[in-house]
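*Asks:* Turn these sequences into a full structure, and let the hints guide you.
Quick note, the sequences are listed as chains A and B, same order. Residue numbering for the first sequence follows the numbering used here, beginning at 60 and increasing consecutively. Residue numbering for the second sequence follows the numbering used here, beginning at 39 and increasing consecutively.
Treat each hint with caution, since some may be false.
[Said to hold, decoys possible] Here are the simulated DSBU-like pairs of lysine-lysine, each with C-alpha atoms no more than 30 Å apart in a straight line:
hint, chain 1, residue 1, chain 2, residue 2
1, B, K246, A, K172
2, A, K224, A, K252
3, A, K172, A, K111
4, A, K181, B, K306
Hint data in this document are derived by calculation from the structure and do not stem from the laboratory.
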Amino acid sequence: MIQLKNVSLSFQSERVLSNVSLSIDDGQFIGIIGQNGAGKTTLIRLILGILKPTSGQVIRTKGNVSYVSQTTSLSDSSFPSSVEEIVSLGLAAKKRSPFFSRVCKTRVEETLKAMGIFDLRKKLLGELSGGQLQKVKIAKALVSSPSVIVLDEPEAGMDEKSHGKLIETIESLHAKSKMTVIFVSHHKHDLAKADRVFSVNNGKVLSVEGDDENVPF
Amino acid sequence: MFHSEIMLYAFAIGILLSIAIPLVGSTAVYKRLSNTGDALAHTSLAGVAVGLACGLSPLVTSVIACVASIIIIEFIRKKFSKFSELGTAVVLSSGIGLAGIMTSYTKAANFDSYLFGSILLISDLELYMVIGLFLADVLFYAFFGRQVFAVVYSEEEAKVQGIRVSSINLAQSLLLALTIALSAKAIGSLVVSSLIVLPIASSLQLKKNYRWTLIWALIFSFVSTIVGLTASYYLNYKPGATIVIVATIILIILIVVKPFLVRIKAKKAS
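*Replies:* Shown next, in the form of structure tokens:
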């Protein structure tokens, strides 16, 4: 379970999030929606523990958490790496050996198959389409079998067809597993199957219905 | 050539550094911080000049200068994350300034041997220190290589995964600083940063995955060192400078040959 109790965050003198309280139960599909710069990414960074709140409390029960960030620190296409290498990075925290065990290899292969990108495993990142790249990022997050997965606008920069397929993949992922999914999106229709949707606006976070017409997306 | 004990020492130290330098340097290149090597190399010169001027061991003062510099670079990188190259520029220019002033108090001949290196004049202590550094580099990347790769790919995702990003960055930076400081005498402060960049630049031309890009960088660095040292022996050139010129020639050949390789690959695929 994840709980935010009266959480506020300020950068220098500017208040970015104000008095946020929310609770997410295990296995829920949570949507987070809001305009550019509203504070969506800041909210999930607080949830993930990357940022510490200025006041209030963030409580997260123990469990393996994976994060698919909006952008990696590098331009993916120029990074000299293959699909299977990137996916295996999801197990990097657990591995301190020069050798990659058979168990890890099998886990990587299983994840690649589950995401439908097994045939791409030897391809370099620069040879992939935008949709395939996003699948690789999600596979990297899934390979460690997390109990919570946080996706920050994974559909950014994708064409309509790939976007639709990605949403289907995320929905079926949630339906098949008991994983908590926190999905940040610009588009209300992406969150049609969400159990709860939080709208971020002017530093305030409100729980809204997915079909609420007042949510301007 | 190998009848001389001096040349055996030179080859031993050259081979160890040819592996150690690209190993620690590759991550700086991937982080778009190639100039960090340059900044550290210039600061190491300032350290050497201070050591020579004050009658202290230039090796020790150069190590201290490099470690202090990398701490300053990391501090500025964190403080001004949107201008991460700022720290490198600040350290590089102050390194040159300090080295310039301190050379007024040193004997020119002593200082010059650190500009292009004097691999033939390496002492036993320096050889042992390079062996220690080589082992530290290899062991660190053998056991933490995957975590370093994860941090290079995305610091935020690595942090969420439970990887100690700050510790990995600190260890990597310290190894880079030590490698540059200890390479200054052997290869030369002015050319050591080239050995960080050139082998990786060459291997990137081959468009391989992460593992093979690193392996090819190590191969190119090793070949450059062997060919460079051999050529410098017979042609009586400065060894460090000759190694760098060989590494540059390898890069030029690869850039010229690359379009043909791509065509051959495309033909095979079709």
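*Asks:* Could you run down the list of hints and mark each one as holding or not?
*Replies:* Outcome of the hint check:
1. A C-alpha spacing of about 23 Å is found between K246/B and K172/A, which places the hinted pair at or below 30 Å, so the restraint holds.
2. A threshold of 30 Å between alpha carbons decides the hint, and for K224/A with K252/A the separation of about 14 Å falls inside it, so the pair holds.
3. A C-alpha spacing of about 37 Å is found between K172/A and K111/A, which places the hinted pair above 30 Å, so the restraint is violated.
4. A C-alpha spacing of about 17 Å is found between K181/A and K306/B, which places the hinted pair at or below 30 Å, so the restraint holds.
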